[in-house]
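This is what each chain is made of:
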Amino acid sequence: DAKTTQPPSMDCAEGRAANLPCNHSTISGNEYVYWYRQIHSQGPQYIIHGLKNNETNEMASLIITEDRKSSTLILPHATLRDTAVYYCIVRGAGGTSYGKLTFGQGTILTVHP
Amino acid sequence: DVKVTQSSRYLVKRTGEKVFLECVQDMDHENMFWYRQDPGLGLRLIYFSYDVKMKEKGDIPEGYSVSREKKERFSLILESASTNQTSMYLCASSDSHMIEAFFGQGTRLTVV
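Chains as they are written, first to last, in my numbering: chain A, -14 to 98; chain X, 2 to 113.
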């Protein structure tokens, strides 16, 4: 699976949009981009995933660049409860990598009042 | 709501003990996973199972074994616990499409 690079930490004001970047320059054509988050003392929680098109759900939006080498997770109106570690993961759709979610260090997002 | 339940939230065991960590999911998921999480190392995959009685090694299987006799239950076994296995252990499950993995709350194991 392709490796991802994320900033170690970011801050955001409550009510503002939080934009979390991720670089995955070695991503291959059949690999998906996934985002999970982990709130303190809980297990990771799925947020969103995409292949090449932008995606939106009730939690967030995912913007993937046209060359697919980077992506941005957007929390449109961050709240204090969005303070968490956010993981960007690239996962293959088949073969030996199927089913394996490889977590990096993630980005610690702190939302301030 | 999908629920992944781990049998213990906190566990203290002695070096050399055989330790069982149990995980149960209630959504009839095919895939189940065991991770450990350590500061500075993130989450690392120990073992996963894609069907009853099937198992695959993850990235750090040494010192661990697993058992999946029933679809809803996936057990992680530490045959002889050691202090370097002190960690947070997380179980997860997903269906065959692997779109979303659901995690349990974790078991914080301390080996003394």
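Fair warning: there could be bad hints in the mix.
[Unchecked claim] Cross-link-like lysine to aspartate or glutamate pairs, in silico, EDC-like; alpha carbons within 16 angstroms at most:
#1 A/85 <-> X/101
#2 A/85 <-> X/60
#3 A/85 <-> X/57
#4 A/85 <-> X/96
#5 A/-12 <-> X/52
#6 A/85 <-> X/29
[As the list claims (entries may be wrong)] Far from chain A by the CB rule (all over 10 angstroms, computed), these chain X residues:
#7 14
#8 62
#9 86
Hints are computed from structural coordinates only; laboratory data are not their basis.
Where is the CB? At the ideal position from N, CA and C, for every residue including glycine.
Structure-based check of each hint:
| no. | hint | result |
| --- | --- | --- |
| 1 | A/85 <-> X/101 | holds (12 angstroms) |
| 2 | A/85 <-> X/60 | holds (10 angstroms) |
| 3 | A/85 <-> X/57 | holds (10 angstroms) |
| 4 | A/85 <-> X/96 | holds (13 angstroms) |
| 5 | A/-12 <-> X/52 | violated (28 angstroms) |
| 6 | A/85 <-> X/29 | violated (19 angstroms) |
| 7 | 14 | holds (21 angstroms) |
| 8 | 62 | holds (13 angstroms) |
| 9 | 86 | holds (19 angstroms) |
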